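A.B. asks: Read off the chains here:
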Amino acid sequence: MMASNYSVQRATPLSHAAGAVGALLVLVAASLPFWGESSWMREFVEIGCYFIFAMMWNLLAGYGGMVSIGQQAFFGFGGYVMLMLGNFAGINPFVAVVLGALAAGLVAVPVSFVAFRLSGGYFAIGTWVIAEVFRLSFANVSAVGGGSGTTLTALRGIERATRESVTYWMALGCVVAAIALVYLFLRGKRGLALLAIRDNEVAAESQGIAVRQTKLAVYVVAAFGAGLAGALYFVGNLRISPDAAFSVNWSAFAIFMVVIGGIGRIEGPIVGALVFWALNKFFSDYGTWYLLGLGLLAIVVTLFFRQGLWGYAQQRWGWSLFPTQRRLVLMPDATATAARRPLPAAQHTDLTLHPSHAKHQ
Amino acid sequence: MSDSLLQVRGLEAFYGDAQALFGMDFELAKGELVAVIGANGAGKSTLLKSLTGLVRVPRETVRWKGEAIGGLAPGEIVRKGLAMVPEGRRLFPSLSVEENLLAGSLARRAGPWNLSRLYRMFPILQEKRHQPGTSLSGGQQQMVALGRALMSNPEALLCDELSLGLAPIVIREIYAAMPQITAEGMSVVIVEQDVSLAQRVSRRLYCLQEGRVSLQGECTSLSREQISRAYFGME
Amino acid sequence: MIETLLQGVLLGGLYTLFALGQSLMFGVMRLTNTAQGDFIVLAAFAVIAAQAGVGGSAWLAVLAVLPLAFAGGYALQRFVLNGTLGKDPLPSLVVTFGLAVVIQNLLLQLFSADPRSIETGGFNIQGLQLGESLSVGALPLAILGVALAATAALQWLFGATSLGRAFRAVSDDAEIAGLMGLDARKLYALATAIAFVLIAIAGALQGMRTTVAPSDGPLLLLFAFEAVIIGGMGSFWGTLAGAMILGITQQIGFRLDPGWGIWFGHIVFLAVLVLRPQGLFPKTR
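Taken in sequence, the protein lines are chains A, B and C.
Take the first sequence: its position 61, counted from the start at 1, is 61 in my numbering, and no numbers get skipped.
Take the second sequence: its position 220, counted from the start at 1, is 220 in my numbering, and no numbers get skipped.
Take the third sequence: its position 177, counted from the start at 1, is 177 in my numbering, and no numbers get skipped.
Don't read these hints as lab results, they were simulated from the structure.
Be a bit skeptical, because a hint or two may be false.
[What the hints assert, rightly or not] Only pairs whose alpha carbons sit at most 30 Å apart, straight line, appear in this in silico DSBU-like list of lysine-lysine:
| id | chain 1 | residue 1 | chain 2 | residue 2 |
| --- | --- | --- | --- | --- |
| 1 | B | K80 | B | K30 |
| 2 | B | K80 | B | K65 |
| 3 | C | K87 | A | K189 |
| 4 | B | K128 | C | K87 |
| 5 | C | K87 | C | K186 |
| 6 | C | K186 | B | K80 |
| 7 | B | K30 | B | K65 |
Keep in mind that this is a model prediction, so the values were computed, not measured.
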């Protein structure tokens, strides 16, 4: 056997540069309330919510291998818990946002007992049914306005400019936190475990990976994130209703953003959210034609660009901003015994976190 | 050779980027029973899959009765008279024994093999014909798989590890049917890991090692030692 | 109580028709068609449009739509959905989801959001007396009849014909089926074509029984899906049973409180999922 040294490379020069640029962007963004218009801040909050929701959906589907069209259950749940804590328990709504997210994460545990009974496409629809149960349930609770919803009264006393600035900073903080959370989760052992589980569950189990616990962990984290996005959205929106909170459109938009941007990659949802925001800005006036176009675009991208736009770029040009890939660089030992088929000078094994469906062309 | 049924020249096969066969030559004549032996991963199954279209290979590398058939659809190849008993049986779980056999008759050609003849050869199958295919024992399933391939009345039958996972007595029972199969001139290729079995049953053998033919020849002219060396890849 | 049960069974008949197509597509190629409900609505609107074309006769309109549905289903599977099949459920989910969005918005564009229905010349209000206090609608009864016939026909197709054998073989092991000369891609397309005929029938009957609107699709999908899961996968009679149970459950829920009917159905579905995830009448595979 050849004795060789190896090192695990994570970052690429591009990602280092991007990291610096990212930090700079966050600083610039944080100063926005001092020089920007309030409509920009509101838009950012909205798009931030879409993005966090999409990123969490991406974590669940692309990495966890669980495709769900019912994450809006947690989105709405987070929103309603935030509202109830704010309106009835007198808790500061901004604090209630985090509590709402935690509540969503907690409720995901019993929900998983039901949802995990299914798999594949039927898991997806099953989660939708669960979301419908949430919707119908809240629509029958008169304390929160039943079917027509209610308003967040807890922020009434605060001056508008302050409220908008704080909401904006909160959104910015949540976006950064969500990115960091997902990035660190995937970079660690859990990330590798997820990859193993997604590729072959039985084999992963036999290697000592706690499959069920890992899947549950991902599901809970994704629910937490969805709840965070939901609570944040309704702090910004001030008005909640079951149809808005639990609409399947949330999942549809998340799917769209992730599919366009590329599933299974952290940068994907960012690209997807930007594309979505741009399309929204320029074409949403066209109403049904706009939505129709989105649907067609999602179909075309899925059929012909399986890896999404960012995935395509990554495949083609090797771009990577968030280095969760691991490149094994083998340095052959100079005194190795002669092998029958000598290895080339440097052999790279790219353990990039490709989602399984990327192989099925 | 004028009775050469199957001619393979320079066959290379890949699974994605991984190369499994590195330029193999292989020949099967009419009425012959040829064995292909080798360790796990040597490329035996890949060879059979390349012949039957389950693995795509360049058109010219496989010739059947003079016609280039490499990379054609499996269904087309079966219709030309080349059938396979796949590794691991792979019966259809939703189909009964009889339905599994009938499934093989879709690409049916003219010939002596039909349900009643199969039931005569393996009476236990007639007894269990309405049971789900996968509820049978391993050996019985192998009989069904063999029968299913015969139903298309092929001219050459490729058998991938018939003995896999079976007890010796069952293996004997299955191979005891071989003479009935070859009696009317059907050519057979058997792929086996068990060298002595292969030598007993066939006249000619190929030994594969890491995707290449490491030894070939008449069984009687090859010594034990020669075969071992070729099997394990020792120079 | 008898009346509730009866209404539930009749409703179940309709749900059976919603669910059979889904069961068929999933059974043959493991494809989850999230646009199932929207295709049903599309079919209903197609009949409405055809009705205007053939001068008022609903039955002629339905007859005109059926072959279109068959061809449409075949083409959709052959040229679009076949490309999404594989180990990963995401592509087929996204594509069918995308189709759902496209259909809903297309219908909104062409027909506006107003609910419409198919004119049956009074057939939909005809009733039959059963004994002293019970009467059933002629149309719901007819729907039940169609559902039973369709289920029996599918079961027969799969169990006793060589096409059914081919479907089962290709669903079990497409690679080996290919070795036997079966072309998986064409068989999948044929399965979807048949499923779409069922969808067209379901849509037509739904449009006659009640109104249809472009946004109705998702709810119909959920009913179809719940019926399949409650009944258990692998058998069409199972799907029928599941649909019946769902129909009865919803009717009981409606009785208790009009707002809780559908919710009750969802809850029973979830309960079955927790207590007996393989469904009530699954066929072991």
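A.B. asks: Each of the hints needs a verdict: does it hold here or not?
C.D. replies: Here is how each hint holds up against the structure:
| no. | hint | verdict |
| --- | --- | --- |
| 1 | B/K80 - B/K30 | holds, 15 Å |
| 2 | B/K80 - B/K65 | holds, 9 Å |
| 3 | C/K87 - A/K189 | holds, 25 Å |
| 4 | B/K128 - C/K87 | violated, 33 Å |
| 5 | C/K87 - C/K186 | holds, 19 Å |
| 6 | C/K186 - B/K80 | holds, 21 Å |
| 7 | B/K30 - B/K65 | holds, 10 Å |
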